[in-house]
Amino acid sequence: MDYFNLETLWFGLIAVLWVGYFFLEGFDFGVGILLPVVSEDDTDRRVVINTIGPVWDGNEVWLLVAGGATFAAFPEWYATLFSGFYLPLFLILVALIIRGVAFEFRSKHDHPSWRRTWDLAIVVGSAIPAVLWGVAFANIVRGVPIDADFEYTGTFFTLLNPYALLGGLTTLLLFTLHGAVYLTLKTDGDVRVRSRKVAMNLALPAAFSLVVFLMWTFVNALDSDDTGVVPGVVPVAAMALAFVVGWLLETRQEGWAFIVSGAVIALTVTTLFLNLYPRVMPSSTDPEFSLTVFNASSTSTTLTLMTVVALIFTPIVLIYQSWSYYVFRHRIDRDSVSGPRTPIQLIADRYGPATTTRSTSDVGGDQGGAEPGP
Amino acid sequence: MDPLTLARWQFGTTTIYHFLFVPLTIGLALVVAIMQTMWHRTDNPTYLRMTKFWGKLLLINFALGVVTGIVQEFQFGMNWSDYSRFVGDIFGAPLAMEGLIAFFLESTFLGLWIFGWDRLPRRMHLASIWMVAIGTTISAAFILAANSWMQHPVGFTINEELGRAELTSFVAVLTNPTLLIHFPHTIFSALVTAGVVVVAVSGWHLLRRNEVDLFHRSMKIGLAFVFVAGVLVAFTGHTQAQVMTDQQPMKMAAAEALWDTEQPAGFSIFAVGDREGGRNSFNLVVPNLLSVLSTNSLDGEVRGINDIQAEYEATFGPGNYIPNVGVVYWSFRIMVGSGFALILLSGIGLWLMFSNRLVESRWFLRLTLPALALPFLANSTGWLLTEMGRQPWVVHGVLLTEDGVSPSVGGLYVLITLVGFTLLYGVLAVADVWLMRKYAIAGPTEETTPEAVGAAFTY
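Here the protein sequences come in this chain order: A and B. Here the numbering used here is used: position 210 in the first sequence is 210, and no number is missing along the way. Here the numbering used here is used: position 262 in the second sequence is 262, and no number is missing along the way.
One thing to keep in mind: the hints can contain errors.
[Claimed, not checked] Derived list of chain B stretches under chain A, where covered just means 3 residues or more per stretch with a C-beta under 8 Å from a C-beta of chain A:
id : stretch
1  : 54-66
2  : 71-81
3  : 110-123
4  : 163-175
[Unchecked claim] Straight-line alpha carbon distances no greater than 30 Å define the calculated DSS-like cross-link-like pairs of lysine-lysine that follow:
id : chain 1 : residue 1 : chain 2 : residue 2
5  : B       : K220      : B       : K438
6  : B       : K438      : A       : K108
7  : B       : K220      : A       : K108
[What the hints assert, rightly or not] Simulated coverage check for chain B against chain A, where a stretch passes if three residues somewhere in it have a Cβ under 8 Å from a Cβ of chain A:
id : stretch
8  : 89-103
9  : 407-415
Hints in this document: simulated from the structure, not taken from any laboratory. Ideal Cβ placement from N, Cα and C applies to all residues, glycine included.
Isolated chain A, as found in the complex:
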C-alpha cells in the first residue's frame, strides 16, 4: 500500500489530534471525576479545580479541531460518525456543556448548595465523556452496521456491546488515573497525598482493563478480514508502560509517572488508529461498505489547502499552548487559592496555631520524603 498521499497524511493528523485531546483532556476528566474523592472541604475543591483552571478550555479545543478537521478532510466520515453515534454524542455534548459552565459558575457564588450543584455537574460532566469516548472508539474499531450509502443502520443499543463497554471502562480508568497522577504532580498538601494514594490504587485496575481491552482488540482483528496496519510494538508498549505507573508513584517520580500515564493513553489511541487504517468507519454489514480514507475524503484541493494551513499554524499553537503550561507550572496548595494573606493571618501563621488544616507532612520535592502509607 502506498502511504505517501494526502489522505493518509490527514488520517495521521486526525489521529494526532485525538491523541492530543485524550492526553490533555484525559487528565481534565480525571481531575473532575476525582473532585469529591481527593477533597475534604471547599478550599480543597478549589485547589483541585484550579489545577486545570487555566488550561481545560484550551484542552477542549483539541476536540473541536479534531471534529473540524474530520469534517474538512473526511466529510463522509464526519457525517456517518456524527449521525450514527447520535445519542452518545448528545450525552457527551450535555456533559461538556454542564462541566464547562460549572468551572466558571461554581466560584461566582459562595453558597454551599450552589457549589454542591456545580460540583456534581463537574463530576458527572467529566465521567460521562470519559466513558463514552471509549465506547465510541471501540465501536469505530470493531465496526458498526453501515449500508451501501454510508448510512449507519444500527440503534443506540447496537453501540452498547460488551467490547465497547470494556473500552468505556478502560478509558474511564485510564483518564481517572491520569488525572490522579496530574493532581499528585500539581498540588501540595493533603490533596497531593490523597491523589497519590488514589493513583496508586487505580494503577493496577487500569492496567488490567487495558490489557484485556487490547487483547480483545487483537482477537477481533485476527477474526475479521482485517486490512489494518499491524500495530506491532505499540500496544505492547502501552500494556507494559501501564504497569510502570504504579512503580513510578511508589518511588515518587511524579513527573515521570505523569508522562508515562499520558504515554499509555497516547499509545492506546495510536493502536486503535493503526488498526483502523486505511478504514475510518468499518462496516460490520459488509466490508465493501466500509468508509476508508480514500472513499470518505475531500478533494486534493481541500486537503492541500488544509495541509498548508496546518503546517503554518500548528507550530504556533503548540508554542503558545506549551508556554501557557510553563507559566502555570507551579504546584497549587490551599494558600495559593486563598488569595494574599491578611496581616492578621500572617501573624497567626507565625505565632498562633495553624489557621487551616493544611498538612505539613508532605511538603518535600518530587522525590524522597516520608511514605505516608497507602
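Dock chain B against chain A, hints included.
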C-alpha cells in the same frame, strides 16, 4: 414527528441561543481590553477596577458562548449529515481553521488572562486580553465565511458522480462579497451589543449615585461604542440589503412583503399579508423609498415575490420557493427598528455627556435599562431574516434544506435532543442571567492591585 421540522427547530433554537452570548463576548472582550490598556497607560486604579468589574461579566458570558459553540460544530454531522456530505469539501475547511487559528488562541490566552494576573509581566498580561479579543474576531470571520457560502456559494463546482460540491478556489470563498459585508455588519453589531450592556449597567448605578466616577467613565466608552458602531451597522446593513437584493432577491422581497414587481417601489411600514392569495390585504407604504434603498434611484424596479417564484420554477423546477414572509418581514423591521432606536438613544446620551448633564438626566438613565433588550432582539431577528429568508434553500440555489437532513436519524432521536437541549439551555439561561444580574448590581469591588484582582478571578 417529522425529523426535518424537528432538526430545523433544533438548529434555530441552539443557534439563536448561542448567538445571545457570542456578540457580547466579542464586544466585551474589546471593551475590557481597552479598559485594561487605559489602566496600563495611566496607572489610574479606577481603570483597573473597571477592567475587573466588566471582566467578570465577560467571563460569565464567555462560558456559555464556548460550551454552546461545541453543539454548533457537532450538529451539522448529527442532524444534517447529507448536508455535511454535500458541502464538507468546502464548508469543513473554515470550521477546522476556526478551531486551529481562533479557538486555540482565545481559550489559551483567556486562561492566561484569568489566572496570570500575578504570574505574567504586566505588558504580557495586557497582550493576553488583546489576543482573546483578536481570537473571537477571527472566529467570527471564519464562521461567517462558512455561512456566506451558504448564502452565496462561490469558488466551487458540482461533482455529479459523487453528488457533492467541490472546492475550486478558497480565495473566492474568503473574498465572497457576501462575507465582506456580512463580517463588518456582524462585528459592529457585537460592539453595539457590548456597548448597550455597559450603558445599561452604568445607567442603573448612576441613577443610584454608585461609583459615579467609575460608571461615568464606563458610560462614556459604552455610548461611544453604541453610537459609532451603531451608525456603521446601519451603513453596512444598507449595503448588505443591496447585495442581498442582487444575490437573493426572494429574501429581500419577502423582507419587504413585496408580492409583485414594482417600479417605482414603496417601502412598507406595516403590512398584513395574505400568503394564500400572494398579496397584502393591508399595506402602509412610503412611496419610492424601497426603490431608493434598493437601487439608489427614485424609480428603480424592485422585483416581487410572485415574479421571482415564477422565475425560480422555470430555473429549478416546480416547487415553493417562498420563505415564511411574515417571519422574514417582521424580523427585518424589528432588527432595523431596534438598531435605529439604539443610535438615537446613544446620540442623545453623547449629547448629554458633552454638555455635562448626563448624571443629572435621570430620565435618560432610566431609559438605558429597557434598552438592554434591543441589541439581543436585533441580533436574533437579524439571523432569523438571514436564515429563514434563504429557505427553502440551505445552500442558496444549490441544495434544498429538506435534502440536507440526516436520513439515518429518526424523529424520536431528534425530538429527544431538541427537548434535552431546550431544557438544559433554559436552566443555564436562568443561572446565567441570575449571576450576571448579581455581579452587575453588586458593582465594582475594592481591589486596587493586580494581585488582588487575580485572586478574585481564580476558580
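Status of each hint after checking the structure:
1. 54-66: Coverage by chain A holds for the stretch 54-66 of chain B (7 residues, Cβ < 8 Å).
2. 71-81: holds (count 8)
3. 110-123: Since three or more residues must qualify, the claim that chain A covers the stretch 110-123 of chain B holds, with 8 doing so at under 8 Å.
4. 163-175: holds (count 5)
5. B/K220 <-> B/K438: 23 Å, holds
6. B/K438 <-> A/K108: Satisfied, since the Cα-Cα distance of roughly 9 Å is no more than 30 Å.
7. B/K220 <-> A/K108: Cα-Cα ~28 Å, so holds.
8. 89-103: holds (count 13)
9. 407-415: holds (count 4)
In terms of the numbered hints stated before, the structure departs from none.
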